[in-house]
Amino acid sequence: MSAEAGKFDPMHQFTVEPIAKLFAAGGNEVWLTTSAVWMGAAAIILWLFMLGGMKRQLVPGRWQMAVEGFTGFVSSMMATNIGPEGRKYTPYVFSLFMFILFCNILGMVPFALGGVHPLTVTSHFTITGVLAVLSFSIVLVVGFWRHGLHFFSLFVPHGTPWPMIPFIAPIEFVSFMVRPFSLGLRLFVAMTAGHVLMEVFANFIVQSSAAGVAIGLPVGLASMALMIGISALELLVAGIQAYVFALLTSLYINDAVNLH
Amino acid sequence: MPQINQLAENWYFASQLFWLALIFGAVFVVIGLGMYPKIEATVDARDRKVADDLAAAKAAHAAADHLEDQYRQQNDAARAAAQKAVQDAKDKAARDAEKRLAKIDAELGGKMAAAEADVAAARKSAMAEIESVAAEAAGDLVAKLSGVTVAATDAKAAVKAVLHG
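Chains as they are written, first to last, in my numbering: chain R, 190 to 449; chain P, 1264 to 1428.
Hints were generated in silico from the structure; no laboratory data involved.
Please note that the accuracy of each hint is not assured.
What the hints assert, rightly or not - DSS-like mimics (lysine-lysine), calculated; alpha carbons at most 30 Å apart, straight line: (1) K1374(P) <-> K1362(P); (2) K244(R) <-> K1301(P); (3) K1419(P) <-> K1407(P); (4) K1301(P) <-> K277(R); (5) K1423(P) <-> K1407(P); (6) K1301(P) <-> K1312(P); (7) K1312(P) <-> K244(R); (8) K1374(P) <-> K1355(P); (9) K244(R) <-> K277(R); (10) K1362(P) <-> K1347(P); (11) K1387(P) <-> K1374(P); (12) K277(R) <-> K1312(P).
As the list claims (entries may be wrong) - Covered stretches of chain P (chain R as the covering partner; in silico rule of three or more C-beta atoms under 8 Å from a C-beta of chain R): (13) 1358 to 1365; (14) 1394 to 1403; (15) 1416 to 1426.
C-beta atoms are modelled at their ideal positions from N, C-alpha and C, and glycine is treated no differently.
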């Protein structure tokens, strides 16, 4: 991106640009940033998408069908993973899934939106990490609320022979505590890696144009073909990572609700 | 990596957190709590309506089957009744005809007997006439042949003996 410096930096796309300072609280300044703009755009597009499904017709049109497809997808996932009690948590998991999905897909937009350069919001671990911590907190609150101290039995899987408990319990505890990190990092890494890959191959195409016909044409065409494939793959990853985030959240909530 | 480098900047984390909390919170409240349950309720209502309609259709089908069954039974009963009526009428007609025939038979028999009696009487009187005519003729013949006058009673007795063997 920073072609003006003559050198190519595939990481520059992840820079959050401050646009306008809003206020300062507790020594920290809060700015309107490109990240905020893209999050807001994702939220507004998501809202418009959902609005199309609010006709509430008995025989749904295409748009309502699409929206109901998403809600049905999430609600059936919650029903399979948690059971009937999962309905309570579906609004949260649905919001999470749709928000991440729309942020991911909006990050694939290759052009600037109103002068704001494209940024994949979910490629920042400050965002994914907060969402992961939020999911993890819900698990903790629900777990301790429903089961009290009995929630700790989560660290002793059913049927563990008692001599093994001192060894199993710490392992289970560590694997439990790692969850928010794995949850947040998975999405952040998948988005970052994918966008770096796209940037690199897109840059190959640009650079090959300056390398003459003999080398530039085959390299450029090959990169272009690869680029098309990678773009398709990244769209898939955008969906899958949103799904994985929601799926793991539902599985963790299941642990808190049903204790294995 | 800007994600890490920018952490050093005073505004970065605060802004990310603020905007995420604001926007994701709005998404959760407006879409998760506001719109999602309504869409889910629509889907549930539709599923319930489809199930209800299917149940109603099944009930209507059963009712139609029952009605058809009833109709068939009634039809069978009516046909049986009609057949019985026809049979009764036939039987009655046959019985009436028999009775009439017997009556006519008896009348004819009576007439026949009377006629036979008439014939017998006629034959008897004819026979008697023949006897007297024959006796007269015999008397005349005897008188002509032998000149003896035969008494009418004698002639009659002789003729009777010849006629009756």
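Now the hints, each set against the structure:
1. Between the alpha carbons of K1374(P) and K1362(P) the distance comes to roughly 18 Å, so the proposed pair stays at or under 30 Å and holds.
2. Proximity of K244(R) to K1301(P) is assessed by CA-CA distance (about 10 Å); at most 30 Å being required, the pair is judged to hold.
3. Restraint check: the Cα-Cα separation between K1419(P) and K1407(P) comes to about 17 Å, which is no more than 30 Å; the hinted pair holds.
4. The straight-line distance between the Cα atoms of K1301(P) and K277(R) is roughly 14 Å, inside the 30 Å bound, and the hint therefore holds.
5. Proximity of K1423(P) to K1407(P) is assessed by CA-CA distance (about 21 Å); at most 30 Å being required, the pair is judged to hold.
6. At most 30 Å may separate the alpha-carbon atoms for a hinted pair to count; K1301(P) and K1312(P) meet this at roughly 16 Å.
7. Between K1312(P) and K244(R) the alpha-carbon distance is near 17 Å, which keeps this suggested pair within the 30 Å criterion.
8. Our distance criterion of 30 Å between C-alpha atoms is met by K1374(P) and K1355(P), whose separation comes to about 28 Å.
9. Distance check on the hinted pair: K244(R) and K277(R) sit about 24 Å apart at the alpha-carbon level, within 30 Å; holds.
10. For the given pair, K1362(P) sits about 22 Å from K1347(P) by alpha-carbon distance, which is consistent with the 30 Å threshold.
11. Taking the CA atoms of K1387(P) and K1374(P), the gap is near 20 Å; set against the 30 Å cutoff, the hint holds.
12. Under the criterion of a C-alpha separation no larger than 30 Å, the hint pairing K277(R) with K1312(P) is consistent with the structure, at around 24 Å.
13. Closer than 8 Å: that is the beta-carbon criterion, and the region 1358 to 1365 of chain P has 0 residues meeting it against chain R, so the requirement of 3 is violated.
14. Under a criterion of three residues with beta carbons nearer than 8 Å to beta carbons of chain R, the stated coverage of the region 1394 to 1403 of chain P fails, only 0 such residues being counted.
15. As drawn, the region 1416 to 1426 of chain P meets chain R at 0 residues by the rule of a beta-carbon pair under 8 Å; below three, the given contact is violated.
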